[in-house]
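> The lines below spell out each chain.
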Amino acid sequence: MRIGFIGLGRMGKGMAHRILSGGHDLAVYDVATQATVEFAKGGAHVASSIEDLCKDREVVITMLAEDAAVHEVALGRGGLCASLPAGAIHMASGTYGIATIRALETAHAKSKQTLIAVPVLGRPDLAASGQLGLVPAGPKEALERCEALFKLMGRRIFYAGLKPESASAIKLANNAVLGCAITAMGEGFSLVRKHGVEAKVLYEVLTEGLFAGAPAYVGYGKTMVDESYHKVGSPITIGMKDAILIAGAANLAHVPMPSHDVYLERLLGAIAHGDGDLDQAGLAREQSRASGLE
Amino acid sequence: MSEATRLRVGFIGLGRMGLAMANRLLGAGHDLVVFNRSPEKAADLVKAGATLAPSVKGACEGREIVITMVSDDAALREVTLGPGGIRESLAPGEIHLAMGTHAVAEIQKLAAVHNEAKQILVAAPVLGRPDMAATGQVSIVAGGPSQSVKKCDLLFQVMGRRTFQCGERPEHASITKLANNFMLGCAIGAMAEGFSLVRKYGVVPQVFYEVMTEGLFAAPSYKVYGKIMVDEAYDKVGFTTLLGLKDFGLIMAAAEAARVPLPSGNAFRDRLLSALAHNDGNKDWAVVGREQARASGLE
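Residue numbers (our numbering), protein chains in the order written: chain Y, 403 to 696; chain F, 436 to 734.
What the hints contain is simulated information worked out from the structure, not anything from laboratory work. Backbone N, C-alpha and C fix where the C-beta goes; we use that ideal spot for every residue, glycine too. Certain hints may be false.
[Said to hold, decoys possible] These stretches of chain F come out as covered by chain Y in the derived footprint (C-beta under 8 angstroms, 3 or more residues): (1) 513-521; (2) 594-601; (3) 604-617; (4) 621-628; (5) 642-655.
Using the sequences plus the hints, can you model the full thing?
Shown next as structure tokens:
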């Protein structure tokens, strides 16, 4: 297939390499041009602009960090809507808000293009080895056309439904549950510590019992026990960005989410204390502070 | 079993968990005297070689360790401090091993009382269900003076798969057990919110369940309770909303005593309360999935 790929960050890079290794005709674009060098060596066409990238493409994949970026790339001057051929597919693979996905969907439809949302689950190393989880949603025919691409990028494909926003909702809800788990763990650790029990004991009870096998608890819990918040996977500021998208989705659909609200408040408090660049497990420190432990 | 490792054990409280645990002790060859308010529950144990005591006192006399597995703090207080209770009947130097889930303040109080009577309180609440207790697969969180915990360990090895040493004071075990339940409740509450959110965007709950349990949340808690929510099988009760609320009462009391705000816990506790308000008190506590759906205008 003739594929375009925009956004060669840590995740996008791995995904684009998988597409290339699958023998597809790949064109790439990134504002940071040095990111494209390795792809030129691998035989990809390095586009000079989004417009250039869109020529003859059947599918363009975007893997961008923020709603504003995908908005600009798709709807801006010389963007995907203006440049993609009719009948082409825009596969939006980042984590985006519902309102953004709806705006893209409408704009692409006007240009006789199709939007599918395919947020991914996993880290850069899993992206590089094609072991991601993929959550695709959109019109059935478009999903079928992209299935070969899904299989190159992901180990497990969770079809979310016929509307792109369904995929966004799943990704956001998954992040919400994670945020709540991190927050609750912080509370649990403060509770036992104040009663004279070492955090490590609760960690073992949790991860050898009810929460055994869950990376969310095993990973973030360990960071809390070690207080190694400076080894950053996903920082608190990124958590905040996602939490705002989640709250937006909840607002739009009229879903009160009190546990998630608690998470959002802890994120804000952590940022207020200058901890925005710490790993999200650093919310445990914010909880400790609130408990008079720091 | 050698005489050195064969312990003289009293066992008070033969509910579903207690019965299974007492059976394990008997099976391992310990000398077991049991007491239960309804003595007919002890019939099978007696057939298997246990002695039925007519009173709490009878279950304490000559015993090295007396285990209590009673349902709440009031029952524990009664068998411990009441006339003919453990405090009066257990010889100095011997151990009261409290294995139910109890308030931190209650355990602290009983520890002081036993201390005055020169007895030792060890708290060792159990994690797991009756079927796990029957096969010795529960986990045990233990707290108390290390010498005494070590003696009890002979029994723990028979009753459980894994024992966690929480600290030198019995309440260390209580708070650890409560924190574990706290984490479970919060996970249930968060999952419920996630399910309501995706449903509002046209997602089949099963898909979200798979995303969670094959990814970040591949753990028994999410698998078991997520499944109940997907199937809306709230009538198949493992642990009721009412019992959940009772536990969260103990958790919040411990949090207040130690000055620890628990906002996630409060959010979940309020959902439990609403579930009660909608007459779902005797459903499985995963019914907060339905309560959350109600709050979201989905029911």
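> A separate judgement is required for each hint: does it hold in the structure or not?
A quick look at each hint next to the structure:
1. With 0 residues having a beta carbon nearer than 8 angstroms to a beta carbon of chain Y, the segment 513-521 of chain F misses the requirement of three or more and the stated coverage is violated.
2. With a threshold of 8 angstroms between beta carbons, the proposed coverage of the segment 594-601 of chain F by chain Y holds, since 4 of its residues qualify and at least three are required.
3. Beta-carbon proximity to chain Y at under 8 angstroms applies to 9 residues in the segment 604-617 of chain F; the threshold of 3 is reached and the given coverage holds.
4. With a threshold of 8 angstroms between beta carbons, the proposed coverage of the segment 621-628 of chain F by chain Y holds, since 6 of its residues qualify and at least three are required.
5. Counting residues of the segment 642-655 of chain F whose beta carbon lies closer than 8 angstroms to any beta carbon of chain Y gives 12, which meets the minimum of three for the stated coverage.
Against the hints set out earlier in the document, a violation occurs for number 1 only.
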